[in-house]
Amino acid sequence: MSEQVYGIKVPIRLDYTYVVGTAPARFLRGLAQGKIVGQRCPSCAKVYVPPRGSCPTCGVPTRDDVALSDKGIVTTFCVVNIPFAGSAVKAPYVSASVLLDGADIPLFHLLQEVATEDVRMGMRVEAVWVPNDELQPSMNSIRYFRPTGEPDAPFESFKEHL
Amino acid sequence: MTTADADPRQATPLTAPHMLEYEYTRSVGPVIGRFFGALQERRVVGVRTAGGRGLVPPQEYDPESGEPVGDFVDVASAGVVTTWAWVHAPRPKHPLQRPFAWALVQLDGADTAMLHAVDAGDESRMSTGMRVRIRWSAETHGDIHDIACFEPEDAR
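Chains as they are written, first to last, in numbering that gives the first Met the number 0: chain A, 0 to 161; chain B, 0 to 155.
These aren't lab readings, by the way, just hints derived from the structure by calculation. Be aware that a few hints might be false.
What the hints assert, rightly or not - Below, computed lysine to aspartate or glutamate pairings styled on EDC-like, alpha-carbon distance capped at 20 angstroms:
| no. | chain 1 | residue 1 | chain 2 | residue 2 |
| --- | --- | --- | --- | --- |
| 1 | A | K45 | A | D14 |
| 2 | A | K70 | A | D14 |
| 3 | B | K92 | B | D142 |
| 4 | A | K34 | A | D100 |
| 5 | A | K70 | A | D151 |
| 6 | A | K45 | A | D100 |
| 7 | A | K8 | B | E22 |
| 8 | A | K8 | B | E20 |
| 9 | A | K8 | B | D145 |
| 10 | A | K34 | A | D103 |
| 11 | A | K8 | B | D142 |
| 12 | B | K92 | A | D14 |
| 13 | A | K70 | A | E155 |
| 14 | A | K8 | B | E138 |
| 15 | A | K89 | A | D63 |
| 16 | A | K45 | A | E149 |
| 17 | A | K70 | A | E149 |
| 18 | A | K45 | A | D117 |
| 19 | A | K89 | A | D69 |
| 20 | B | K92 | B | E40 |
| 21 | A | K8 | B | E40 |
What the hints assert, rightly or not - Covered by chain A, according to a simulated footprint, are these stretches of chain B (three or more residues, beta-carbon under 8 angstroms):
| no. | region |
| --- | --- |
| 22 | 11-17 |
| 23 | 35-46 |
| 24 | 104-115 |
Ideal Cβ placement from N, Cα and C applies to all residues, glycine included.
With the sequences and hints as input, model every part of the structure.
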């Protein structure tokens, strides 16, 4: 009698070619030069990063690029305690919404070089970039954010950006 | 400050591969598990229903009566094409990377047909009722890919 097979591997796989679009491409190409590029709405003047090419509030195209600082503040954050498959970072770690100076919406990124219990809303942070020869048109060009040690920003200064 | 229209670097769209993948392990049950186990030994087994029909691939229940099926039965590794469709341009995940036929093959000793690929080389060699036989994979792992494809019996 032949051996009994109990299970088979049946991978479900979808191969996409992702086309990022004009405005996100400008943002990503900026990262490859060590710069963070947002775009300003010509109507309400809000600065979006990453830019999507239009303002969702006003419904108009955003054409003007804005060079943004790679420093900002933690608006909100999440302590990840449970490891999961595919995670590049060992738990526990902190994912944070970082409002870059000059931007009106926060970026979501990893926070490191700080104990999870010391992270707080309003904490000043800065980007830690990969070495220049490893810069790519990818969010991976910023390895993570870390505290600058500057005084915390008052809640009033970012309460509109949560 | 620059504007989005002015930058010549925008000539080429920025693209990236993006793969969404879940690797499931599926429990196959006692009947298909036996079928796969036989394939690994380069044999084909089916089941006999209470009414005497041979089901290949085997099923756990007789689709006509809903009754549990009876004994496993060995069937041949060659049979007859009952219907087919020619694939002119195989897709990347197809079993053959040259034109081939999808076909229902009723193996000798079976009363039902199974779907697989026939490596006939050219559409003109395909016909309903033609004889085909299994071409086994070089290595078998206990799944349907142990049958690499079928090939015309007259191909020598």
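For each hint, the structure was consulted:
1. K45(A) to D14(A): Since the Cα atoms of K45(A) and D14(A) sit roughly 35 angstroms apart, the hinted pair is violated (cutoff 20 angstroms).
2. K70(A) to D14(A): At roughly 36 angstroms apart (the allowed maximum being 20 angstroms), D14(A) and K70(A) break the hint.
3. K92(B) to D142(B): holds, 16 angstroms
4. K34(A) to D100(A): holds, 13 angstroms
5. K70(A) to D151(A): holds, 13 angstroms
6. K45(A) to D100(A): holds, 13 angstroms
7. K8(A) to E22(B): Between K8(A) and E22(B) the Cα gap is close to 7 angstroms, so the pair holds against 20 angstroms.
8. K8(A) to E20(B): holds, 12 angstroms
9. K8(A) to D145(B): holds, 14 angstroms
10. K34(A) to D103(A): holds, 17 angstroms
11. K8(A) to D142(B): holds, 9 angstroms
12. K92(B) to D14(A): Holds - the C-alpha atoms of D14(A) and K92(B) are around 11 angstroms apart, at most 20 angstroms.
13. K70(A) to E155(A): It holds: about 18 angstroms lies between the C-alpha atoms, which stays within 20 angstroms.
14. K8(A) to E138(B): At roughly 16 angstroms apart (the allowed maximum being 20 angstroms), E138(B) and K8(A) satisfy the hint.
15. K89(A) to D63(A): violated, 39 angstroms
16. K45(A) to E149(A): violated, 25 angstroms
17. K70(A) to E149(A): holds, 11 angstroms
18. K45(A) to D117(A): violated, 31 angstroms
19. K89(A) to D69(A): Violated, because 24 angstroms separates the two Cα atoms, which is more than 20 angstroms.
20. K92(B) to E40(B): Outside the cut-off at roughly 25 angstroms; violated.
21. K8(A) to E40(B): Roughly 19 angstroms between the alpha carbons, so the hint for K8(A) and E40(B) holds.
22. 11-17: holds (count 6)
23. 35-46: As far as the region 35-46 of chain B goes, the hint holds, because 7 residues have Cβ atoms under 8 angstroms from chain A.
24. 104-115: n = 0 at 8 angstroms, threshold three: violated.
In summary, the structure is inconsistent with hints 1, 2, 15, 16, 18, 19, 20, 24 from the numbered list given earlier, while agreeing with the others.
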